[in-house]
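This is what each chain is made of:
There are 2 protein chains.
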Amino acid sequence: MDKRIESIQNPKVKEWKKLQTKKGRMQYRQFFIEGEHLIEEAIKHQSRVDVLLAVENTDVPVKWLEQITQMYWVTPVVMKYLSQIETSQGIAAICSMPVYDLELKNGCSYLLVDRVQDPGNFGTLIRTAEAIGVQAVLYTKGTVDVYNDKVVRATQGAIFHFPILEVDGLVCVHSCQEKGIPVYGSALQNAVHYQEVAPSNEFMLIVGNEGGGIDQHLLNQTTQNIYLPILGQSESLNVAVAAGILLYYLKSNKLKA
Amino acid sequence: MDKRIESIQNPKVKEWKKLQTKKGRMQYRQFFIEGEHLIEEAIKHQSRVDVLLAVENTDVPVKWLEQITQMYWVTPVVMKYLSQIETSQGIAAICSMPVYDLELKNGCSYLLVDRVQDPGNFGTLIRTAEAIGVQAVLYTKGTVDVYNDKVVRATQGAIFHFPILEVDGLVCVHSCQEKGIPVYGSALQNAVHYQEVAPSNEFMLIVGNEGGGIDQHLLNQTTQNIYLPILGQSESLNVAVAAGILLYYLKSNKLKA
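Residue numbers (numbering that gives the first Met the number 0), protein chains in the order written: chain A, 0 to 256; chain B, 0 to 256.
Hints were generated in silico from the structure; no laboratory data involved.
Do not take every clue at face value.
Intra- or inter-copy, both count: the list cannot distinguish identical chains.
List of simulated lysine-lysine pairs, DSSO-like, C-alpha gap at most 30 Å [said to hold, decoys possible]:
id	residue 1	residue 2
1	Lys178	Lys140
2	Lys104	Lys140
3	Lys149	Lys17
4	Lys21	Lys149
5	Lys11	Lys22
6	Lys11	Lys149
7	Lys43	Lys22
8	Lys43	Lys104
Same shape as in the complex, but just chain A (with noise of 0.2 Å):
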């Protein structure tokens, strides 16, 4: 079952490269994923490991060559060919990209991503929605790529625990007013106190890029837009702050102590 690669000429080599960009990611439908925490999240929530990779005389952990089909020894020359962050734990994965539907349904919470441009501020947005258990994120186009390597190493393998969706975002937002979910967009004007709405079990949180906020359109369409109120002299807070604020109070009801 494993095998050994020490050329960074060598073909597979050469195409998982080609993951570090997100052309070579749709081509092949795979991302690359580094160390040990986010392979051992990727294992155990999906089991959508393809490949595993390790630096020769790494320790690889004896329960997931139980769940690994292909594994390739490989020379730190390689690892460091293929990895994109300063010290290589020396162990990595090419997992496939999973393919989800989406049916938003009543008695759900969902965060709609719009636009959001820098990869941590996306990746932390996935992390935080996925703790505070929200049913999927869905993201307009012009958002980072989800697959990302510094996206993916920000939710911290939160990435592997629910569907996250690139969606049209007014379909979107007419398909929960349909279904009597509230949609609720963060902005900084022509908005209310965010404790003006109810806590509740079911909305869609919409948050937007960091400069320029949601898209008009998109604000224009929602049940309510809702800010955060600031007491001292910044401007805003950063997107996945304010996201981790607002879905926190709009989910108070399960949090009760």
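We have chain A; now place chain B onto it with these hints.
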């Protein structure tokens, strides 16, 4: 008032280049900032800009020139040499570090950051704490340097709005307790649900290192340790997101809709 610098061999350029390291920043008690938004905040709130640098033919707001004592026009090559961002806006400044005295006061709230490593996280913590009206951010030895360029950028200018000081954590906790200011540690274990403590006008919230949390010696001395419930499969929240949720909850008396 304005002069021209064409070479990276210029002694001033060599001096400014040293501000990229903590050692250099401590030597000159200065730090380097880039981009119109940060410089605007520096001038507006503290007038701490010692030197303004702009690439020739860059638009410099006239009102800045009235408040700046030293300005240099530089070539694109010089700016690129000094810049730490991929696409420089062609404008930068050298700021002097402020000196703050710390006197913990009743009726005030504080955030104590214990050995947070990631510059983006520390900067976002500062931005969030300032936005919710905390009086000062305190941090322990082992925290990433507050004048690191990535920290400063992530604060979005909040670094210029209020005191940020390195402290001895235990001394701070004891000082709060002598004054009757409750101290809350954010922790996953041996902690109560965060909604079990009451929102208040005075408190010190402690958040800790991304991997290891708050130092055990500090945790042992708090008034109460508190946790944020996790409804999903994630193990924890990003430290800046967790701090945002806790600060907005603790300050909710001041946020009434």
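Evaluated hints:
1. Lys178 x Lys140: The answer is within: 24 Å in one copy meets 30 Å, while 53 Å across copies does not.
2. Lys104 x Lys140: Within one copy only: 22 Å inside a chain, 49 Å across chains, cut-off 30 Å.
3. Lys149 x Lys17: both (16 Å within a copy, 29 Å between copies)
4. Lys21 x Lys149: both (12 Å within a copy, 26 Å between copies)
5. Lys11 x Lys22: within (17 Å within a copy, 44 Å between copies)
6. Lys11 x Lys149: within (23 Å within a copy, 36 Å between copies)
7. Lys43 x Lys22: within (28 Å within a copy, 44 Å between copies)
8. Lys43 x Lys104: within (26 Å within a copy, 49 Å between copies)
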